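Q: In case you want the letters, here they are:
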Amino acid sequence: MLRQMEGSAAIAQTIVGCRPEVVCAYPISPQTHIVEGISDLVRAGELDRCEYMTVESEFAAMSVCIGASAAGARAYTATASQGLLYMAEALYNASGLGLPIVMTVANRAIGAPINIWNDHSDSMSQRDSGWIQLYAESNQEAADLHVQAFRIAESLSLPVMVCMDGFVLTHAFEPIDVPEREAVDAFLPRFEPAQSLDPADPMTIGAMVGPEAYAEVKYLAHAKQMQALDTIPAVAAEFETAFGRPSGGLLRGYRIEDAETVVVALGSVLGTIEDTVDAMREEGVAIGALALKSFRPFPLEEVRAALEGTKRVLVLEKALAVGVGGIVSANVRMALSGIQLHGYTAIAGLGGRPVTGAALRGLFEDAVADRLEPLTFLDLDWERVEAELKRLAAGGRSGPHAENILREVGVVAARSH
Amino acid sequence: MSERVDNEAVERSREQAAIHHQRVRFYQVGSHVVGNRLLDPEQRTVQARTDRSNAITSGHRACRGCGEALGARYVLDAAMRASDGKLIAANATGCLEVFSTPFPESSWQLPWIHSVFGNAPAVASGIAAAQRAKGREEVRVIGQGGDGGTVDIGFGCLSGMFERGDDVLYVCYDNEAYMNTGVQRSGATPPAARTANTKPIGTHPGNEFGQGKDMPRIAMAHRIPYVATATVSDPHDLERKVEAAMGIRGARYLHVFVPCPLGWGSASHDTIKLARLVKETGLFPVFEAVDGEVTAVSKIRRRVPVEEYLKLQRRYAHLFGENGHLEIVARLQAIADRNIDEYGLLEVDVAPNRPNSPETRQGEGS
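Heads up: the protein sequence lines correspond to chains A and B, in order. Our numbering puts the first residue of the first sequence at 48, with every later residue one more than the last. Our numbering puts the first residue of the second sequence at 443, with every later residue one more than the last.
No lab work stands behind these hints: they were computed from the structure. All values reported here derive from a predicted model rather than from experimental measurement. Misleading hints may appear alongside valid ones.
Residues on chain A that point at chain B, a partial pick, calculated with CB under 10 Å [what the hints assert, rightly or not]:
| hint | residue |
| --- | --- |
| 1 | Ala122 |
| 2 | Asn140 |
| 3 | Ala247 |
| 4 | Met250 |
Ideal placement from N, C-alpha and C gives every residue a C-beta, glycine not left out.
With the hints as extra help, turn the sequences into a complete structure.
A: In C-alpha cells form, the structure reads like this:
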C-alpha cells in the first residue's frame, strides 16, 4: 500500500520486516533516521527477538555484526561516509569470513573538507572490500533492495551493501509501498547459517592462512561474486513475481534500443537523467540511459550487451578517483574492451552539488556533438579554481584551499549552484 | 544488554567459590601446582583434572615457556568447566591467535573466532547479542587478547563493551609488549623495560616513566560488576577468579600476567617464577574488585626487592652491571612500594575494620 513517508522510515520498516536478530549502529548523518526508526520499532515490540545495540564507533558496529552473524544471527547495520571508512578493516573481514551481513550506506561525501551532503565517494572507496554493492534509484527501490539483499547475502554467504543517496533519498518524503511483513516472511526464509559458532559443533573461524592457500580463498570470494551475477537477477525476478513491481537486478536500460548516445549512471540521479533523455528524444536526439544497479559484482557482459550497439557512452559519476578520473568509467570501459566508441566521463554532484536538468542538458548536448573532453567536471566553478591555482603559483603560504575558496564564495552554506 | 549485578549476587558467587575451594597454603612444597596432591580430588585445580576440556590443546606453535599459552589454557578450561562446555571465544589478533591457528590446523576445542586486531570485545558483544536473540543465554562468551589488543588498539571496543554491560568476560593476557610483531612497546609496557623501540640508547634507557595504562583500574572506573587480576603462577587463584567471573552476568574483566621468555629475555623455565616474583615484589598487585571497589587482595607471602624479579630478564639488563642504573631500579622499587601501600599487600597492612569488606583473601595456593 502506497503511503507518503520519509525514505529512512520506509527503510526502517522494511528492515524490521526482514526480522534481523541483531541490529547494531553508530549515528552518522544522513543514516541516523534509519537506525532511529529501527530502534523505535524494536522498543515498541515490533520484533520479538531482536537485539538493538548502539555502540561507540562504526568499527565496533561492524564488529558486533561480525560476531552476531558468525554466531548464526541475521545482522544489520547502516552507515555513511566517514563511518564506512572507519569500518574499512572490518568490512574486508566480514566478506573474507563470508558473513551475510546487510548494511545500508546512506551515500555521503568524504572529508576533508568535511561535507555531509550526498555523493558516492564513500561506497566507491569500498568497491574492492568484497561486499556486493547494490544502488537504489528511488526510495521504493531502496526498500525493495533490502528485502532482496538478505536473500542474496544468505544464499551466497556474502555481505551486501545497499547504497542509497543520502538526503536526496533518505530524507525525501514520497509515496512508498513498504514490503508487507507477511509477504517478506514468505519471500525471505529463516537464516540458516553456512557456518556458526556453536558449542555443540566447535569450529575455528578466522584462522591464519599463508601463501599456500590465500590466493585460492580470495579466488573463491571472486567466484561467489560471479555467482551473484546469476543470483541478483534471479532474486529480482522472484521479487517482482511476489510483490508485483520491478526492483533491483543488475542493470536497466532506458530508451537505449536505438540510442547513439547512452548515459550510464547509478543512484537517484537517474531520475533527472531520464527526464533529460525524454526531452531530447522529443527533439529527435537518439539518446538513452543505462542504470547500473549492481556495481559489485560488475556485470561486464550485460553492460557490453547493452552498449555495443551505441556510438558513444557518457558515464556520469558522483565520485572521483583523484589522479585518474572516473571509477565507474574504468569498469564500463573494461566491459567495452575492443569496441571502438567515444567514451566520456563526467564527474557530477560531488559533496551535494545539485545535478540540475539544465546542466545535464548542456552536458548531453556536448556529448552528442562530441565536444566533450574525456574527463569533464560538471558545473565546476573554474573562476574559483583558477584563482586558487594562481595563488598557489604565486608561491608562499597559500593556506588551505577550502578556507581560501570559501572566503571568496562567502557565507552561503550549500546553496544550490 | 546491560545486566549489572548487585553486590549480593556477587557475594553469593564469591561465597560459593570459597566453599568450593578449601583454603590451603602450600608453603611447605615451594610449588603451587604440586600442592594439588595434598588436596581432595574435588578441590584440585581444573588443570589437574583428567576431564579438563583442553580448550587450547597441545601441538600449537607457542614458544617454550610461553606464559600466554598457559594462561589461556587455565582460563578457558576453568571457563569451560564453569559453563558446562557452553562457551564461545572471540580472539584478537596476536601471538595467541597466530600460534593457535596455523591453517589448516587449530588448537581450539571450543567454537572460536578471530576477526581483526582491535575488535575482539565488539565481536564478543555481537556473539552475546546473538545468544540473547536466539534465547540461548546458557551459552557464554569470552573475549580475549594480549595487552596491545586490549589496552591500545582494542581499547575503544573494550570500553564500549564495559559501558554497555554486555554479557562478556574479557580476558587480557598481559606480557607487556607487542610480542607478535617483534617486541615493541605497548601501553602496558613497564617503565625502563627494553623493547624493540625503547632500547637502552640515549639518556633515558628503556621505556619512559610516567606512561602506560592501568587497565584493571580503568575497567573498575566503568563500575562493571567484576574486575580481577591474576598471574599464571597461581592456578588456584586464577581459576577461582574465572569461576567467580563466570558466575556473574554482564561485562567482566580479568587481567592475567603472563611472562614472555622471548620478549623479556628470560629463561623458559622461569615463566612461573617471574609470575610469582612480580606479585611478591608488589609490582603487579593481584586483587579483585566488585562494582568498581577493591574487595580482596592477594597478600605478599615473602616480600622481595624488585632486583630479584628484574635480574632474571634481559629487558632490564641495562639497569645492572658496570654501567647500570641503580637509580632507575630505585624508581621501580618505589612503584612496587606504592602498590604495596595502595593495595595493602602486606599482612600487617590488613585493615581490620573495613565495613562491608569481605575478608581479605590470603591467596589460596600461595
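Q: Can you give the numbers of the hints that this structure goes against, from lowest to highest?
A: none
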